[in-house]
Amino acid sequence: EPEVTQTPSHQVTQMGQEVILRCVPISNHLYFYWYRQILGQKVEFLVSFYNNEISEKSEIFDDQFSVERPDGSNFTLKIRSTKLEDSAMYFCASRGSLEGGRNEQFFGPGTRLTVL
Amino acid sequence: KNEVEQSPQNLTAQEGEFITINCSYSVGISALHWLQQHPGGGIVSLFMLSSGKKKHGRLIATINIQEKHSSLHITASHPRDSAVYICAVKGVTDKLIFGTGTRLQVFP
Numbered sequence: 039e040p041e042v043t044q045t046p047s048h049q050v051t052q053m054g055q056e057v058i059l060r061c062v063p064i065s066n067h068l069y070f071y072w073y074r075q076i077l078g079q080k081v082e083f084l085v086s087f088y089n090n091e092i093s094e095k096s097e098i099f100d101d102q103f104s105v106e107r108p109d110g111s112n113f114t115l116k117i118r119s120t121k122l123e124d125s126a127m128y129f130c131a132s133r134g135s136l137e138g139g140r141n142e143q144f145f146g147p148g149t150r151l152t153v154l
Numbered sequence: 010k011n012e013v014e015q016s017p018q019n020l021t022a023q024e025g026e027f028i029t030i031n032c033s034y035s036v037g038i039s040a041l042h043w044l045q046q047h048p049g050g051g052i053v054s055l056f057m058l059s060s061g062k063k064k065h066g067r068l069i070a071t072i073n074i075q076e077k078h079s080s081l082h083i084t085a086s087h088p089r090d091s092a093v094y095i096c097a098v099k100g101v102t103d104k105l106i107f108g109t110g111t112r113l114q115v116f117p
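Same order as they appear, the protein sequences are chains L and Y.
Just so you know, the first sequence maps onto residues 39 to 154 in my numbering.
Just so you know, the second sequence maps onto residues 10 to 117 in my numbering.
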């Protein structure tokens, strides 16, 4: 079965550094999402993306965050200047269209980001 | 107040027991998801439902839209069912709103 993939599985960075988290959504999916889960807390929505633009973003998704679909397959989350509180597991998800088939969000395995 | 509440937070069971996890939500929804998160962190979708009941193997999910409540049942539980089970709802927008999860441990 097709799946969402994410790289790297674990990223360690120094505070203030830029990080790019990469995701390859399921190939025929059109809607893309980033979520994060701080250790011990619930999963939180960051941003949704469709047709090469942001559909919705949360309060967490401030100017330090950006998303991009640089080519036909990758979907990236960039954090410009990481803070300690950005340490979390970041999940990418994708979804097909509403018409026909399974239209729930499929999640990637996550990237654990540790900011020192 | 959380928009999605789950109970219990932690659940311990003996192998073979029937398990129920509950989810209540306070917002209008278009769909409700039950997800499974393993110790490594990965999230797997179990069910998406907007009405009635769905069954997959030993798992059954029900939803009552009027009461804003859903349940996930596991019949004949097994140690490999040990995981965190998460309820998430999709409201008027496309994003999912997550509950805090129920940690299930099934002992042999």
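The reader is advised that the hints may include incorrect statements.
Unchecked claim - List time: in silico DSSO-like cross-link candidates among lysine-lysine, alpha-carbon distance up to 27 Å: (1) Y:K64 x Y:K99; (2) L:K95 x L:K121; (3) L:K121 x Y:K62; (4) L:K80 x Y:K99; (5) Y:K64 x L:K80; (6) L:K80 x L:K121; (7) Y:K77 x Y:K99; (8) L:K116 x L:K95; (9) Y:K99 x L:K116; (10) Y:K77 x Y:K63; (11) Y:K99 x L:K95; (12) Y:K62 x Y:K77; (13) Y:K63 x L:K95; (14) Y:K99 x Y:K63; (15) Y:K62 x Y:K99; (16) L:K80 x Y:K77; (17) L:K80 x Y:K63; (18) Y:K64 x Y:K77.
Claimed, not checked - Quick list of simulated restraints, FRET-style, between CB atoms: (19) Y:P117 x L:E106: 45 to 51 Å; (20) L:Q52 x Y:G37: 41 to 47 Å; (21) L:N90 x Y:S59: 26 to 32 Å; (22) L:Y88 x Y:A85: 38 to 44 Å; (23) Y:R89 x L:S47: 35 to 41 Å; (24) Y:Q114 x L:E39: 38 to 44 Å; (25) L:Y88 x Y:G37: 32 to 38 Å; (26) Y:S39 x L:Q79: 35 to 41 Å; (27) L:E94 x Y:H47: 26 to 32 Å; (28) L:E39 x Y:V101: 25 to 31 Å; (29) Y:R112 x L:T152: 20 to 26 Å; (30) L:N66 x Y:F116: 27 to 33 Å.
As the list claims (entries may be wrong) - Here are a few chain L residues that face chain Y, going by a calculated C-beta distance under 7 Å: (31) V81; (32) F83; (33) S86; (34) E94; (35) F103; (36) M127; (37) E142; (38) P147; (39) G148.
In short, the hints are calculated from the structure, not lab data.
This one's a predicted model, so the numbers in the text were calculated from it and none came from an experiment.
All C-beta atoms, glycine included, are put in the ideal place defined by N, C-alpha and C.
Comparing the hints with the structure gives:
1. Y:K64 x Y:K99: holds, 20 Å
2. L:K95 x L:K121: With Cα atoms ~19 Å apart, K95 of chain L and K121 of chain L stay inside 27 Å; holds.
3. L:K121 x Y:K62: violated, 43 Å
4. L:K80 x Y:K99: Distance of about 15 Å is within 27 Å: holds.
5. Y:K64 x L:K80: holds, 26 Å
6. L:K80 x L:K121: holds, 19 Å
7. Y:K77 x Y:K99: holds, 13 Å
8. L:K116 x L:K95: Holds, at roughly 14 Å.
9. Y:K99 x L:K116: Given that 27 Å is the threshold and the Cα spacing comes to 25 Å, the pair holds.
10. Y:K77 x Y:K63: holds, 17 Å
11. Y:K99 x L:K95: holds, 15 Å
12. Y:K62 x Y:K77: holds, 14 Å
13. Y:K63 x L:K95: The given pair, whose Cα atoms are some 31 Å apart, is violated under the 27 Å limit.
14. Y:K99 x Y:K63: holds, 17 Å
15. Y:K62 x Y:K99: holds, 17 Å
16. L:K80 x Y:K77: The hint holds at about 20 Å.
17. L:K80 x Y:K63: holds, 25 Å
18. Y:K64 x Y:K77: Holds, at about 20 Å.
19. Y:P117 x L:E106: 45 to 51 Å: Holds: the Cβ-Cβ distance is about 48 Å, inside 45 to 51 Å.
20. L:Q52 x Y:G37: 41 to 47 Å: At roughly 44 Å between Cβ atoms, G37 of chain Y and Q52 of chain L fall inside 41 to 47 Å, so the hint holds.
21. L:N90 x Y:S59: 26 to 32 Å: holds, 29 Å
22. L:Y88 x Y:A85: 38 to 44 Å: holds, 41 Å
23. Y:R89 x L:S47: 35 to 41 Å: violated, 23 Å
24. Y:Q114 x L:E39: 38 to 44 Å: violated, 28 Å
25. L:Y88 x Y:G37: 32 to 38 Å: At 22 Å between Cβs, range violated.
26. Y:S39 x L:Q79: 35 to 41 Å: violated, 25 Å
27. L:E94 x Y:H47: 26 to 32 Å: holds, 28 Å
28. L:E39 x Y:V101: 25 to 31 Å: Taking Cβ atoms as reference, E39 of chain L and V101 of chain Y lie about 30 Å apart, which means the hint holds.
29. Y:R112 x L:T152: 20 to 26 Å: Roughly 23 Å apart at Cβ, these two residues keep to the hinted range, so it holds.
30. L:N66 x Y:F116: 27 to 33 Å: violated, 42 Å
31. V81: The hint holds - V81 of chain L has a Cβ within 7 Å of chain Y, the shortest such distance being about 4 Å.
32. F83: Because about 4 Å separates F83 of chain L from the closest Cβ in chain Y, which is inside the 7 Å limit, the hint holds.
33. S86: Because about 5 Å separates S86 of chain L from the closest Cβ in chain Y, which is inside the 7 Å limit, the hint holds.
34. E94: holds, 5 Å
35. F103: violated, 15 Å
36. M127: holds, 5 Å
37. E142: Holds, about 4 Å.
38. P147: holds, 4 Å
39. G148: holds, 5 Å
When the structure is compared with the earlier hints, violations turn up for hints 3, 13, 23, 24, 25, 26, 30, 35 and for no others.
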